[in-house]
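> Protein chains in written order, with UniProt numbering: chain A, 1 to 424; chain B, 1 to 424; chain C, 1 to 424; chain D, 1 to 424.
Simulated from the structure, these hints should not be mistaken for lab results. In this text, all values refer to a predicted model and were calculated from it rather than measured experimentally. Wrong hints could be hidden among the right ones.
Copies of the same chain are indistinguishable here, so a pair counts whether it falls within one copy or spans any two.
[Claimed, not checked] As a list, the in silico PhoX-like pairs of lysine-lysine whose alpha-carbon atoms are at most 25 Å apart:
#	residue 1	residue 2
1	188	149
2	145	406
3	168	406
4	400	270
5	168	41
6	400	136
7	145	5
Number of protein chains: 4
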Amino acid sequence: MILDKNIIAGHNEKELAKHQQQFNFLSEQTGQAAAILEKLKAFQVAIPSWALGTGGTRFGRFAGAGEPATLEQKIEDVGLLHALNQSSGAISLHIPWDIPTNATAIKELAAQHGLQFDAMNSNTFQDQPNQAHSYKFGSLQHTDKAVRKQAIEHNIEVINHGVNLGSKSLTVWLSDGSSFPGQLNFRKAFQRTLESLQEIYAALPADWKIFVEYKAFEPNFYSMTVGDWGQSLLFANKLGDKAYTLVDLGHHLPNANIEQIVALLLNEGKLGGFHFNDSKYGDDDLTVGSINPYQLFLIFNELVEGLDAKGLNHATDLGWMIDASHNIKDPLEDLLQSVEAIQVAYAQSLLVDRAALEAAQGNNDVALAQEILQQAYRTDVRPLVAEARLQLGGALSPIKLFREGKVRAALIGERGEKSVATGL
Amino acid sequence: MILDKNIIAGHNEKELAKHQQQFNFLSEQTGQAAAILEKLKAFQVAIPSWALGTGGTRFGRFAGAGEPATLEQKIEDVGLLHALNQSSGAISLHIPWDIPTNATAIKELAAQHGLQFDAMNSNTFQDQPNQAHSYKFGSLQHTDKAVRKQAIEHNIEVINHGVNLGSKSLTVWLSDGSSFPGQLNFRKAFQRTLESLQEIYAALPADWKIFVEYKAFEPNFYSMTVGDWGQSLLFANKLGDKAYTLVDLGHHLPNANIEQIVALLLNEGKLGGFHFNDSKYGDDDLTVGSINPYQLFLIFNELVEGLDAKGLNHATDLGWMIDASHNIKDPLEDLLQSVEAIQVAYAQSLLVDRAALEAAQGNNDVALAQEILQQAYRTDVRPLVAEARLQLGGALSPIKLFREGKVRAALIGERGEKSVATGL
Amino acid sequence: MILDKNIIAGHNEKELAKHQQQFNFLSEQTGQAAAILEKLKAFQVAIPSWALGTGGTRFGRFAGAGEPATLEQKIEDVGLLHALNQSSGAISLHIPWDIPTNATAIKELAAQHGLQFDAMNSNTFQDQPNQAHSYKFGSLQHTDKAVRKQAIEHNIEVINHGVNLGSKSLTVWLSDGSSFPGQLNFRKAFQRTLESLQEIYAALPADWKIFVEYKAFEPNFYSMTVGDWGQSLLFANKLGDKAYTLVDLGHHLPNANIEQIVALLLNEGKLGGFHFNDSKYGDDDLTVGSINPYQLFLIFNELVEGLDAKGLNHATDLGWMIDASHNIKDPLEDLLQSVEAIQVAYAQSLLVDRAALEAAQGNNDVALAQEILQQAYRTDVRPLVAEARLQLGGALSPIKLFREGKVRAALIGERGEKSVATGL
Amino acid sequence: MILDKNIIAGHNEKELAKHQQQFNFLSEQTGQAAAILEKLKAFQVAIPSWALGTGGTRFGRFAGAGEPATLEQKIEDVGLLHALNQSSGAISLHIPWDIPTNATAIKELAAQHGLQFDAMNSNTFQDQPNQAHSYKFGSLQHTDKAVRKQAIEHNIEVINHGVNLGSKSLTVWLSDGSSFPGQLNFRKAFQRTLESLQEIYAALPADWKIFVEYKAFEPNFYSMTVGDWGQSLLFANKLGDKAYTLVDLGHHLPNANIEQIVALLLNEGKLGGFHFNDSKYGDDDLTVGSINPYQLFLIFNELVEGLDAKGLNHATDLGWMIDASHNIKDPLEDLLQSVEAIQVAYAQSLLVDRAALEAAQGNNDVALAQEILQQAYRTDVRPLVAEARLQLGGALSPIKLFREGKVRAALIGERGEKSVATGL
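Could you build all of it, start to finish, from the sequences and the hints given here?
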């Protein structure tokens with residue numbers, strides 16, 4: 001299913017008058033709409049292939065309907081999102097869930113939808129049928145060299161798939177760790193993991209990056225071998241220039257100041273990218289911005305400030321991806337909400353009066369610094385985000401159109417009630 | 001498989017000399033071994049049927065081998081545990097995983113193993129094949145009366161199964177809640193849940209108890225409709241005299257003082273029982289006592305003090321059950337460790353010099369109160385626990401015997417490598 | 001110092017054109033400005049006397065200048081706030097810091113500033129010079145009856161002061177608890193505290209309320225005797241109809257769902273009032289809305305829904321108070337920011353489309369429910385709040401006027417650099 | 001006051017028979033008492049000068065009596081502790097609280113008590129009378145170069161005092177950070193702090209170490225500029241070979257796995273030392289081992305394993321210090337409990353069967369690894385610790401002797417009821 005441009009046009013026509021009024025008001029108020037619009041239009045958020053189906057917990061999974069069962073259908077789904085918001089122009093694949101049997105055809109299909117291939121993801125946290133060795137006790141950290149070798153080779157295979165598709169990065173998230181005191185020798189586990197990563201690193205093409213993702217807990221419940229940004233940074237520094245830390249917003253201990261972590265990693269030249277989501281308790285994988293949108297804004301505030309200070313490109317120098325689980329919402333609606341939340345936070349952070357903030361910081365004028373941030377945050381920037389979509393050919397109200405256009409019903413019609421996506 | 005008594009006897013013979021030396025020393029040191037032994041011997045911990053197989057997380061499950069695939073085999077497994085430690089004399093069933101098609105035969109089988117039927121557990125957190133209504137958005141809280149009715153009827157069915165088996169209680173754990181702000185009207189969800197519970201309560205036999213279990217989060221990640229002890233107590237009080245709160249050690253927010261909760265619930269006459277496990281981050285469902293054994297001791301310290309103050313029977317007036325998930329250990333070994341940890345904490349708490357503690361508390365002698373608790377806690381009470389097992393006919397070193405006796409290998413021989421238990 | 005009305009008028013004149021444009025736009029967009037304005041205008045937030053000076057931590061205190069050193073000066077400060085925002089029309093006193101030696105004169109002074117006397121606060125967490133008994137080991141929970149008696153009498157004295165001033169409620173916050181396992185018998189401490197509260201309750205005038213405040217930790221670091229909402233509710237229920245639970249936003253364990261607690265307390269008819277602040281780690285006492293403004297909105301969303309459902313008056317049926325510590329901001333600026341944040345959240349919650357939300361909840365349309373909440377939250381309601389101030393005679397931009405009017409400098413001129421307020 | 005050796009001898013004589021019986025039993029059981037004893041005897045824990053008086057919270061301080069008011073009296077107090085346990089042979093000073101006006105005399109006094117001077121501590125978290133610049137907005141991070149210069153010079157002054165006393169290390173704990181979003185530019189604050197530390201580092205004698213302590217929160221409640229081990233390690237690595245990370249057990253986010261952090265820092269060659277205490281919620285500064293003694297054991301388990309693997313000396317290659325606050329216990333009793341808890345954990349960790357553990361880890365035998373750890377942990381090693389004291393000339397039961405000997409009463413007699421120590 002490809003969304004007809006006329007449908008979008010028709011939708012926009014109905015919404016246009018109200019939008020124009022709102023956008024004009026906002027433009028007048030802010031006086032900098034044009035510059036922000038250009039940045040918003042350049043900003044794309046990758047969609048993970050595994051977020052297109054219903055997620056679940058260990059207690060159960062309540063499947064949706066019309067989910068994409070093949071890689072082609074997943075690309076189609078991301079194509080739909082991108083047609084609606086023009087900001088989801090990349091897909092991130094997970095091997096072995098998304099092995100492209102015909103890479104050329106897959107690339108062509110993606111191109112038809114205007115999509116690129118973002119970071120490739122390996123999977124050594126689950127056993128696959130007919131796999132020689134089990135990852136029950138870890139993969140790259142495993143005490144048994146044969147298991148490590150299997151996991152290393154899997155990662156190299158993932159790189160190779162990515163090369164064929166035009167991807168430029170590998171994200172390594174390890175569930176490796178321990179669930180009980182005494183289970184693991186932390187030092188040796190670190191060392192074995194490092195050596196395994198070094199072998200993978202050696203297989204990385206010259207223009208690729210490797211992202212070392214960290215996570216505080218789950219599925220191991222005592223220690224994680226890449227458990228926080230400090231550990232990830234140790235690995236990235238020991239690996240070399242192509243290695244970076246990847247921040248998943250849900251992978252922290254309670255109350256962590258993620259925006260400070262982001263600022264410091266940027267400062268060290270080692271921030272690689274993001275997995276966006278939101279959470280209240282742990283790696284809850286909720287819709288971006290659904291629990292604490294101010295924190296999201298504060299993170300973007302650091303990103304904009306830091307990227308500019310380093311002379312980096314907002315749109316291209318970091319990897320931007322959603323990583324959420326859609327247990328009780330339609331995955332496509334949820335992803336539209338997530339992308340919008342990211343764009344809202346990005347637009348708000350672009351509105352921050354940097355010069356005034358810097359001056360307030362220099363004067364330790366704490367109340368004024370807060371006023372400056374909240375002036376940007378409390379501004380209703382949704383018309384800016386909508387205008388960016390409009391200018392790119394997307395829909396003014398993506399979710400509204402998704403519903404009015406009965407997109408899910410059409411997908412169910414094509415794929416059936418029982419079509420289930422791979423993933424968690 | 002039934003463990004031959006001679007095997008146990010042979011094992012004990014080898015261990016006896018060393019044990020006697022340790023036990024005699026401890027008896028001399030404490031001077032109150034006999035009284036504690038009687039209490040330890042009377043104390044039984046129920047084993048949940050779903051803890052006999054390998055658990056998993058949403059990221060995967062690494063199955064073991066020789067797991068019990070039928071209710072009969074689960075009873076057999078608990079029978080093995082009980083033969084080894086003589087302290088696991090009850091099994092707790094989960095419907096629909098454990099529907100007894102022939103209750104009489106199941107009762108007989110259990111009796112052969114010396115087992116009773118502890119609390120029955122209902123399951124409205126997962127959909128079953130051919131179920132009319134989905135629990136995707138809750139069960140007893142659901143906005144749709146038909147869904148609530150289905151869930152109520154399921155609970156009544158569970159009670160009926162329990163009546164046939166001689167159980168005397170129903171544990172209701174609800175995953176009901178919400179994952180996003182706005183999803184639920186908290187007040188109405190509470191009210192609907194209360195009305196549903198009232199219908200279940202009305203179906204409860206006169207000599208039964210209903211345990212309302214609470215949980216802070218997971219699988220819902222924004223709110224849980226029975227989210228903490230305060231909410232559970234509200235429900236229990238509104239239901240009536242047969243309703244109690246059940247405490248699962250892993251179901252709290254970070255840093256919660258569980259022992260205080262326990263003491264207050266006891267004081268209100270509304271503490272119903274326990275689900276024992278341990279955890280570091282959330283409902284990690286780790287082996288009891290594997291992360292913070294001192295907390296376990298402090299909980300037992302409140303239990304012993306409070307039960308005695310209320311004139312209640314340690315062994316029979318509360319429900320004692322393990323609720324853990326065995327992702328990377330042999331479930332039977334894990335359960336042996338858990339039961340031992342509970343017995344150790346219980347024995348330590350029995351050793352506390354109550355009169356001295358009361359006096360220290362009365363004098364606000366904080367340092368002395370700590371000395372008194374730690375005097376009991378630091379005492380190595382394992383010989384007491386082993387002696388209790390010995391006197392009851394169990395093994396001095398259950399895990400050692402489990403391993404030397406190659407019990408798991410025998411079970412695999414009987415059931416096969418691929419035999420998988422129901423559960424999470 | 002009393003702020004000249006002409007100064008405010010002059011300030012508003014300069015800001016008016018821009019404000020009118022923003023307010024008109026918002027009125028058109030929302031279509032319900034008038035009704036919301038009336039509610040905003042009726043809504044008053046009490047200022048605690050102890051928040052008018054610089055706060056500190058155990059590591060130190062960095063005093064400001066020109067702080068109010070007397071009760072009269074504190075009333076003057078709140079009068080200044082109220083003149084600026086017309087929403088701070090009440091002051092909450094803390095005894096013994098604010099003993100009114102001449103109640104009639106104090107009442108008159110407050111009336112001149114348009115202020116009422118909100119809840120009275122007792123202090124049994126610190127020892128005062130010449131106090132017979134120490135609260136080192138608690139007050140209402142103390143094992144020594146003489147200490148409890150002293151604390152009870154102090155509370156009754158606080159009530160008497162309040163009666164003289166026209167206050168109608170007493171807030172009891174207890175630091176009582178324990179810092180070490182074993183220090184306290186939880187059950188007995190609960191019982192002693194209850195009996196002490198009952199004596200205080202008996203001294204309460206017929207038209208008074210008593211608020212039982214809870215706190216998870218600090219200054220006791222193992223247990224707090226009124227530690228969570230469940231415990232507070234137990235006390236309130238046992239005390240009687242005049243007893244209520246008071247919620248301080250910073251007094252919870254990490255990740256607590258405060259909005260659900262609020263909804264349930266309202267449902268039980270036992271929510272008494274609020275201490276507003278914000279926090280990231282514990283009882284950080286930061287400016288309201290400075291860390292997680294969405295949570296504040298969600299709390300108000302429950303309040304508006306619940307108060308309306310119960311037929312209660314938003315402005316008068318609950319106690320609204322700020323309780324924050326101003327370590328590094330000017331206290332008056334900080335309080336202006338806090339009041340504004342509360343009004344913004346209140347206005348946003350009034351904007352929520354209740355009928356649509358109820359329908360979405362009924363349909364389990366989770367994505368739509370989120371859209372409805374965020375539609376209200378993302379709306380920039382500041383012009384509504386400013387308009388409410390304008391209509392009441394306050395300043396369009398209180399902080400701006402505070403700074404341009406050099407109010408602090410004037411206060412320093414009057415009181416001196418070294419004038420220090422009582423408080424933490 | 002110096003404790004007469006005869007008093008200790010008399011005390012030991014009464015306790016000896018029972019002790020011998022216990023020690024002999026333990027020796028037989030473990031078979032390795034002699035080797036452990038030697039290590040225990042070599043192991044000394046430094047006492048911080050500020051822990052000798054009653055601590056407090058921001059809510060108040062309940063002073064004790066007979067506290068040491070001078071540096072000489074503080075040395076006397078540590079001397080008393082050391083006389084009792086022979087394991088507190090060092091004192092750690094805090095400047096400006098403990099400025100030695102006559103270093104030679106102070107060294108002599110310390111030597112009389114058998115004490116060395118452990119790490120020196122600077123204080124840039126509080127303003128001192130007559131200080132030119134305030135630390136309200138930080139010290140080494142401050143935006144104003146003059147403030148940074150003042151803080152740097154203070155640290156250099158502290159080094160100089162330390163040189164005079166024979167200390168060999170400087171601990172820098174910074175309260176620097178921010179309490180509100182926007183207040184600080186994280187990158188610049190890091191950079192300024194680094195440059196300040198570099199100036200201090202340049203002033204460090206060749207044989208000195210500098211310890212960079214981290215803390216997650218408090219007294220700043222939004223960000224800390226040295227907030228976690230990762231940040232501390234960044235600073236230490238950028239500073240050079242003499243810079244190390246210092247771990248304070250209470251300075252972490254909830255649920256942090258401290259033992260893993262310790263193992264990794266040791267692995268990086270950057271673990272400098274410890275501040276021991278215990279906590280439930282934050283930096284509660286409770287008695288060591290009073291809340292979670294198993295965690296303390298697990299930390300020592302990593303230390304012993306890691307130090308041995310690195311060929312380091314347990315007693316001398318890391319800095320061992322208590323850092324606790326004694327709000328409601330007699331500080332000297334509390335410190336005796338803390339030292340004992342550390343020794344117990346150390347002894348338990350020395351009992352761990354390393355070869356068996358390594359084998360179990362190699363085999364992923366998780367249950368066995370747990371058994372091995374708990375075998376050591378559950379052993380009652382107190383007789384070993386007591387024997388170490390006995391052999392060194394200390395008391396078998398230090399607290400008992402402290403009480404029976406009426407030491408506090410004697411100190412009050414000497415110093416008076418109102419004598420108050422400096423500190424928090």
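> So which of those numbered hints doesn't the model satisfy?
Numbers 2, 3, 4, 7, in rising order.
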